[in-house]
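Quick note, the sequences are listed as chains A and B, same order. The first sequence begins at 0 in numbering that gives the first Met the number 0 and counts up by one. The second sequence begins at 0 in numbering that gives the first Met the number 0 and counts up by one.
Treat the hints as calculated values from the structure; they're not laboratory data. No residue lacks a Cβ here, since even glycine has one placed at the ideal position from N, Cα and C. Misleading hints may appear alongside valid ones.
To be verified - Capping the alpha-carbon separation at 27 Å, the derived lysine-lysine pairs in DSS-like fashion look like this:
1. B:Lys-226 to A:Lys-349
2. B:Lys-26 to A:Lys-267
3. B:Lys-155 to A:Lys-79
4. A:Lys-322 to B:Lys-228
To be verified - Residues from chain A that face chain B, not an exhaustive set, calculated with beta carbons under 8 Å:
5. Gln-114
6. Tyr-342
7. Phe-361
Said to hold, decoys possible - Okay, the calculated bits of chain A under chain B, using three or more residues with CB under 8 Å as the criterion:
8. 229-243
9. 345-358
Now for the letters of each chain:
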Amino acid sequence: MSETLASETSAGGVLPGAPGEALQVEVRGEGELQTQDMNLNVGPQHPATHGVLRVVIDVDGERIVGAQPVVGYMHRAFEKLAEHRDYRQIIALVNRHDWLSAFCNEVGVALAVEQMMELEVPERAQWIRTMMCEWNRIMNHLMFVSSFGLELGAITPMFYAFREREDIQHLMESATGGRLHFTYTRVGGLKDDLPLGFLKASEELVPVVRRRNQEYRDLLLGNEIFRARTKGIGALEPEVALDYGVSGPSLHATGVAEDSRVTEPYLKYDEVDVAVPVARNGDSYDRFQVLLDRIDASCDIIEQCLANLPPGPISAKVPKQIKAPEGAIYVRTENPLGQGGYYLISDGGKQPYRMRMRTPSFNNVQMIPHLLQGELLSDMVAIMGSVYFVVGDVDR
Amino acid sequence: MSPDDIADLFVDRFGAQVIDHHDVYGKATITVAPEVLVDAARVCKESPELACTFFDFMTGVDLGDEGFAVLTHLYSPEHRHHVHLRAVARGGREDPRLPTLTGVYRGANWQEREVWDMFGVVFEGHPGLAPRILTVENFEGWPLRKDFALTSRLAKPWPGEPQKSSESKTGGSKGGDGTGAAATGGAAASSGAAPAGDQQQGERADDAQGAEHGAEQAESDRVARAKAKAAEMRRKKQAEREAQQAQQDGQGQQDDAPGDQGEEGSS
Chain A
0 MSETLASETS AGGVLPGAPG EALQVEVRGE GELQTQDMNL NVGPQHPATH
50 GVLRVVIDVD GERIVGAQPV VGYMHRAFEK LAEHRDYRQI IALVNRHDWL
100 SAFCNEVGVA LAVEQMMELE VPERAQWIRT MMCEWNRIMN HLMFVSSFGL
150 ELGAITPMFY AFREREDIQH LMESATGGRL HFTYTRVGGL KDDLPLGFLK
200 ASEELVPVVR RRNQEYRDLL LGNEIFRART KGIGALEPEV ALDYGVSGPS
250 LHATGVAEDS RVTEPYLKYD EVDVAVPVAR NGDSYDRFQV LLDRIDASCD
300 IIEQCLANLP PGPISAKVPK QIKAPEGAIY VRTENPLGQG GYYLISDGGK
350 QPYRMRMRTP SFNNVQMIPH LLQGELLSDM VAIMGSVYFV VGDVDR
Chain B
0 MSPDDIADLF VDRFGAQVID HHDVYGKATI TVAPEVLVDA ARVCKESPEL
50 ACTFFDFMTG VDLGDEGFAV LTHLYSPEHR HHVHLRAVAR GGREDPRLPT
100 LTGVYRGANW QEREVWDMFG VVFEGHPGLA PRILTVENFE GWPLRKDFAL
150 TSRLAKPWPG EPQKSSESKT GGSKGGDGTG AAATGGAAAS SGAAPAGDQQ
200 QGERADDAQG AEHGAEQAES DRVARAKAKA AEMRRKKQAE REAQQAQQDG
250 QGQQDDAPGD QGEEGSS
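Bound conformation, chain A alone:
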């Protein structure tokens, strides 16, 4: 090595080094660089992976030529466990696969069992569920708003967004008793009525969240660096998104406004105006914009819930032991990260025969290699951070 550096050849040249030094280089052949694909492991512990997602990528220089997510590090066999628990316990269980959308998950299970049992859930319970789903959605989105900023090097949004997250968490904790795993839903209604002062606190918090959301919009979407790093990066086509079963903000960013709150309203979504924000290009920037817009839309829904909340009981009369009648049902809900669904097969017992958890993150992560193909390595974080997923939701 030192020999080549030192030797003087006709093809070589002198490059400027430190003052007083010069580096001599020799170029052999035609001067073309031979490249070789390199295999690079990202994760399981990496800031861009939101948990323990591991991606094995092949890079040719700076270009990603292939990527393969390796999932399963957090597999907890929830589907097997569900076959050994009764429905009340399953509600506690499904809180845990997507821990950022706990409430929306538990509502999905309750809806499935209620539909099979033909239970009439009281109005008040349905309105409260709707409102809580939206609070949970905002909480979830604030997490991704902040973490996406963090991944692109902006630390400030993380601190700011956690301020509102904390407020919402306090609010939900006051009603449910849980910060992360609420377990507030019961088959047939809710665990408890709302505590005194909840509605007033909700009413006051909505404008705060809306105002702060505008701040994030200015802070991030208005940021030159942010725009440069996200615009046109990781563009997803609507046909491909549907083919992979991608849902939620990632699908809406491609222009497909498929949202089961609108197309197949559950709870009280048919009695409120649900705005489904969409974008056109399906790139990282659009996905992030949709996320911010969804927070505003959720604020609107919460205000409508507060205006419409009727008095009354919060739980239907249910038998002591809940047994879903024999049969199968698929119930889907629009979870914060996309379409969540439970396919429940019951043999008439108090435990399900089979419970399939359709989680949005699984399908979304499967699509990531498609986005990474051909992109620059430095854009990987901007792409993976904007396909919003929770690893627990992938692995279940």
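Given chain A, put chain B in place with the hints provided.
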């Protein structure tokens, strides 16, 4: 399209290859022969009247001796209808096989890997089912099959679950009873509670024996449990009364009371 219309369309198209179809809570469930599964999926996706472009999920179902069924859920964002496409794998429990849908939907790739991982259904033509997607690479067995037992449940039944043998039931509740009696007895500082507890236990053991011989074991089990619970409540109430009594007595002779409590605390 309504579920009936969807079923008609499939019957028109595939005739006898459509084994079964029904409407499940407003969603069409079509069972087709494995030979036409891929064609059926293609029809779902490409025919303009179905246009099920959204690939939702895929799941295996253990059918017992019949083997395994694989159900694919497809949805049309355009027409807002659902199709559950179902096929029973060939080869029974030993060697379940189905053709892959990866040629039709890209999303089928991981979903099929998961079904293989969980049920052992092999999808012919799949680009690569291994390595196992969710479980560890060297995992043995197919976790979601019904004959794959949940080890933790074998070792210890879920608390609150009705136990199978009445033998273990009485054993378990006796232990619980003993500690309960000790605790309440200690707090109440009464000598009356202990014999009362013994009596209840005797009663309960008799009940349990009766249950063993009874024709409807579950029924009498429940009766026994109810009786035991009632007895426990009675005992608790009595202990409470005695505790109150003791307290009232204690107020009369305050010198003795602290010494008593200290002793029990140390024991």
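Status of the hints after comparison with the structure:
no.: 1; hint: B:Lys-226 to A:Lys-349; verdict: 24 Å, holds
no.: 2; hint: B:Lys-26 to A:Lys-267; verdict: 21 Å, holds
no.: 3; hint: B:Lys-155 to A:Lys-79; verdict: 16 Å, holds
no.: 4; hint: A:Lys-322 to B:Lys-228; verdict: 24 Å, holds
no.: 5; hint: Gln-114; verdict: 6 Å, holds
no.: 6; hint: Tyr-342; verdict: 6 Å, holds
no.: 7; hint: Phe-361; verdict: 7 Å, holds
no.: 8; hint: 229-243; verdict: holds (count 5)
no.: 9; hint: 345-358; verdict: holds (count 3)
Hint compliance for this structure: every hint is met.
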